[in-house]
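**Student:** What follows is the residue order along each chain.
Protein chains: 2
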Amino acid sequence: MATIKDVSKLAGVSVATVSRYLNKNGYVSKEAELAIAEVIEKLNYRPNTIARSLAGKKTATVGLMVPDILNPFFPELARAIEDAANTYGYTVMLCNTDNDPAKEQRYIETLLHKQVDGIIISSYTIQPGHLSGLQKAGIPVVLLDNVFSSDSVVSLTVENKRGGELAAEHLLELGCRKIAHICGPLSITSSRDRTAGFEAVSAGTDWFTPSLIGYSDFTVSGGYRTMKKLLADHPDLDGVFASNDLMAAGALKALSEAGRCVPEDVKVIGFDGIGLEMLSPELSTIAQPIYELGKTAMDVLVALIGKETGIETDQVFPVTLTAKQSTVG
Amino acid sequence: MATIKDVSKLAGVSVATVSRYLNKNGYVSKEAELAIAEVIEKLNYRPNTIARSLAGKKTATVGLMVPDILNPFFPELARAIEDAANTYGYTVMLCNTDNDPAKEQRYIETLLHKQVDGIIISSYTIQPGHLSGLQKAGIPVVLLDNVFSSDSVVSLTVENKRGGELAAEHLLELGCRKIAHICGPLSITSSRDRTAGFEAVSAGTDWFTPSLIGYSDFTVSGGYRTMKKLLADHPDLDGVFASNDLMAAGALKALSEAGRCVPEDVKVIGFDGIGLEMLSPELSTIAQPIYELGKTAMDVLVALIGKETGIETDQVFPVTLTAKQSTVG
DNA sequence: AAGTTATGTGTAACCGATTACACATAGTTT
DNA sequence: AAACTATGTGTAATCGGTTACACATAACTT
Numbered sequence: 000m001a002t003i004k005d006v007s008k009l010a011g012v013s014v015a016t017v018s019r020y021l022n023k024n025g026y027v028s029k030e031a032e033l034a035i036a037e038v039i040e041k042l043n044y045r046p047n048t049i050a051r052s053l054a055g056k057k058t059a060t061v062g063l064m065v066p067d068i069l070n071p072f073f074p075e076l077a078r079a080i081e082d083a084a085n086t087y088g089y090t091v092m093l094c095n096t097d098n099d100p101a102k103e104q105r106y107i108e109t110l111l112h113k114q115v116d117g118i119i120i121s122s123y124t125i126q127p128g129h130l131s132g133l134q135k136a137g138i139p140v141v142l143l144d145n146v147f148s149s150d151s152v153v154s155l156t157v158e159n160k161r162g163g164e165l166a167a168e169h170l171l172e173l174g175c176r177k178i179a180h181i182c183g184p185l186s187i188t189s190s191r192d193r194t195a196g197f198e199a200v201s202a203g204t205d206w207f208t209p210s211l212i213g214y215s216d217f218t219v220s221g222g223y224r225t226m227k228k229l230l231a232d233h234p235d236l237d238g239v240f241a242s243n244d245l246m247a248a249g250a251l252k253a254l255s256e257a258g259r260c261v262p263e264d265v266k267v268i269g270f271d272g273i274g275l276e277m278l279s280p281e282l283s284t285i286a287q288p289i290y291e292l293g294k295t296a297m298d299v300l301v302a303l304i305g306k307e308t309g310i311e312t313d314q315v316f317p318v319t320l321t322a323k324q325s326t327v328g
Numbered sequence: 000m001a002t003i004k005d006v007s008k009l010a011g012v013s014v015a016t017v018s019r020y021l022n023k024n025g026y027v028s029k030e031a032e033l034a035i036a037e038v039i040e041k042l043n044y045r046p047n048t049i050a051r052s053l054a055g056k057k058t059a060t061v062g063l064m065v066p067d068i069l070n071p072f073f074p075e076l077a078r079a080i081e082d083a084a085n086t087y088g089y090t091v092m093l094c095n096t097d098n099d100p101a102k103e104q105r106y107i108e109t110l111l112h113k114q115v116d117g118i119i120i121s122s123y124t125i126q127p128g129h130l131s132g133l134q135k136a137g138i139p140v141v142l143l144d145n146v147f148s149s150d151s152v153v154s155l156t157v158e159n160k161r162g163g164e165l166a167a168e169h170l171l172e173l174g175c176r177k178i179a180h181i182c183g184p185l186s187i188t189s190s191r192d193r194t195a196g197f198e199a200v201s202a203g204t205d206w207f208t209p210s211l212i213g214y215s216d217f218t219v220s221g222g223y224r225t226m227k228k229l230l231a232d233h234p235d236l237d238g239v240f241a242s243n244d245l246m247a248a249g250a251l252k253a254l255s256e257a258g259r260c261v262p263e264d265v266k267v268i269g270f271d272g273i274g275l276e277m278l279s280p281e282l283s284t285i286a287q288p289i290y291e292l293g294k295t296a297m298d299v300l301v302a303l304i305g306k307e308t309g310i311e312t313d314q315v316f317p318v319t320l321t322a323k324q325s326t327v328g
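Protein chains in written order, with numbering that gives the first Met the number 0: chain A, 0 to 328; chain B, 0 to 328.
Just so you know, the hints here were simulated from the structure itself, not pulled from any lab data. There could be a bad hint or two in this list.
Note that the list lumps identical chains together, so a pair holds whenever it fits in one copy or between two copies.
[Unchecked claim] Listed below are the simulated SDA-like cross-link pairs for lysine to any residue, each with C-alpha atoms no more than 25 Å apart in a straight line:
#1 Lys-41 / Glu-108
#2 Lys-41 / Gly-137
#3 Lys-323 / Thr-218
#4 Lys-294 / Thr-86
#5 Lys-113 / Asn-98
#6 Lys-102 / Arg-78
#7 Lys-113 / Leu-42
#8 Lys-57 / Thr-295
#9 Lys-41 / His-129
Model the full assembly from the supplied sequences, consistent with the hints where possible.
**Tutor:** Structural data, given as structure tokens:
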């Protein structure tokens with residue numbers, strides 16, 4: 000593989016001039032430019048990224064840490080981030096953390112020593128203290144769905160509480176008079192907020208009782224089990240709001256097995272807006288702008304890497320009601 | 000961040016000795032060892048991966064190219080590969096190619112210049128010629144689901160044809176007497192093989208006719224549309240084999256909308272074995288050992304990177320029938 | 001006792017880029 | 001005409017490691 004030296008020799012200039020040409024900084028004469036361009040073409044020369052990183056301190060690589068790429072929410076996010084990264088000339092390193100703080104720490108260390116230019120973290124378990132190594136090294140971080148303000152850490156979230164309200168309101172408007180709620184892990188802020196939104200709307204109604212809230216874990220099987228229990232306790236329920244789409248899908252399955260028709264007997268709405276087009280009936284949901292979240296995360300990260308100032312440290316994105324067959328038939 | 004020089008100075012030895020200590024090659028005395036270990040601990044020193052790569056030609060990074068991480072097959076693969084990579088101390092760069100040869104080429108170039116140690120490619124469109132740059136640079140490649148023998152390129156596939164046979168046999172054994180087939184893109188070898196397996200079993204029967212085969216595209220909506228058409232042409236069909244699980248899920252949806260009960264009226268089986276636990280009824284499938292495929296891909300890649308010899312260039316993995324509600328109730 | 005072999009260490013070249021600095025020349029100001 | 005400024009280029013240090021090679025000493029061989 001050709002090096003910058005080969006190019007400089009063949010083009011009859013110094014490596015400095017070639018480097019200036021490549022990076023478009025400093026002066027380079029028209030003649031030199033042409034000569035270099037020609038040689039580069041001829042040798043099919045591409046600068047060695049590793050050497051460039053060592054000298055220039057930039058790797059054009061970002062880390063993406065997600066709990067588990069198997070959860071369909073994260074491929075959507077990853078895809079958006081990868082697309083955006085691509086347009087900026089960045090490459091993405093994928094890290095599955097399993098929400099295991101030890102694994103998270105190991106990956107942060109690894110990414111730190113691989114000198115990624117920035118990191119996007121989606122994690123329920125991360126704590127401000129875990130990021131101190133990155134802060135010290137001046138590596139920018141964008142946090143998804145986990146807010147803790149701090150310099151050089153930007154957080155992106157959605158209107159989780161408003162989403163919970165929207166879901167409850169939607170079911171009420173459709174005539175539901177006994178709405179159950181499958182809530183996610185209480186350790187997760189956004190999960191708590193969604194439930195809070197639901198409660199804000201339901202708590203005042205005559206049908207509401209705390210046992211209509213079933214606690215679950217954001218998985219399909221968890222939603223399935225919790226739905227079964229709710230059905231046993233409240234056979235007359237006519238609406239269900241699950242704090243994420245996977246649990247909602249599990250609820251649909253439990254309802255179908257129990258012989259309930261959706262949406263005729265029971266209306267179901269989820270949260271997230273992941274593309275679960277295989278479901279029948281199709282799932283109504285409170286959709287997050289997942290692609291936009293991912294893209295913005297990357298945009299912001301690139302801005303931080305470029306030491307731009309005036310970046311909002313906390314951005315909250317709107318959610319939108321997407322009514323499908325599971326509520327409106 | 001501390002460098003090897005800092006360590007060598009504080010420990011009172013040369014950088015060479017520290018390097019030998021770090022890489023466990025060459026001789027290092029007990030005293031030196033202890034002194035170095037102590038200093039490393041004290042400075043919390045970690046070797047700079049970039050510098051190490053530049054000098055040592057190894058980046059401990061591998062590229063993973065997949066068509067689209069949004070297709071649930073690929074997160075499963077990615078997860079397996081990432082887990083395996085992790086145990087070897089490798090990091091994974093994720094690339095979505097969209098089966099676009101130009102994008103593929105760009106990514107190969109990028110990975111080449113980022114000097115990844117190896118690449119795992121899952122692609123329907125890749126051609127032997129596209130890999131010549133990698134071959135020339137001596138970067139090992141493992142190909143998934145796309146066979147073309149060549150040195151330093153290992154291919155991993157599954158018994159696609161046998162899977163098609165298994166699916167057809169399974170439906171026949173369950174009493175189906177008119178089985179439709181939703182086949183995938185004919186441009187994809189494994190897709191053709193699955194269909195060939197189905198045909199091998201069905202072609203001899205009295206009910207078989209070519210119009211029972213519907214052509215589709217490996218997506219949920221494609222499976223849905225094709226199922227509708229098949230139902231219109233053959234209202235009396237009582238079994239469906241789809242060449243992948245996504246199309247099978249689409250078929251289930253179409254059947255449900257058409258008022259057909261699965262598996263009572265129609266039995267459905269897919270192919271792949273991706274975890275579609277949200278479906279009701281749960282989907283029977285011809286399962287590929289996806290996790291094992293991914294893990295093996297990484298194992299083989301590491302072996303190739305280590306210049307091990309005697310690696311089988313073509314490995315074919317078995318498939319297994321997983322009977323669930325969509326065929327056996 | 002001389003010749004090997006094993007052990008241990010340091011110097012300096014090298015990987016392939018970037019960039020500070022020195023220097024030269026041409027074009028503008030005063 | 002002297003003094004600047006803008007343009008253009010090359011030398012060499014630097015990034016932070018690895019490793020070939022030279023050299024020294026200790027431990028075995030015969």
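**Student:** So, against the hints stated earlier in the document, which numbers end up violated here?
**Tutor:** none
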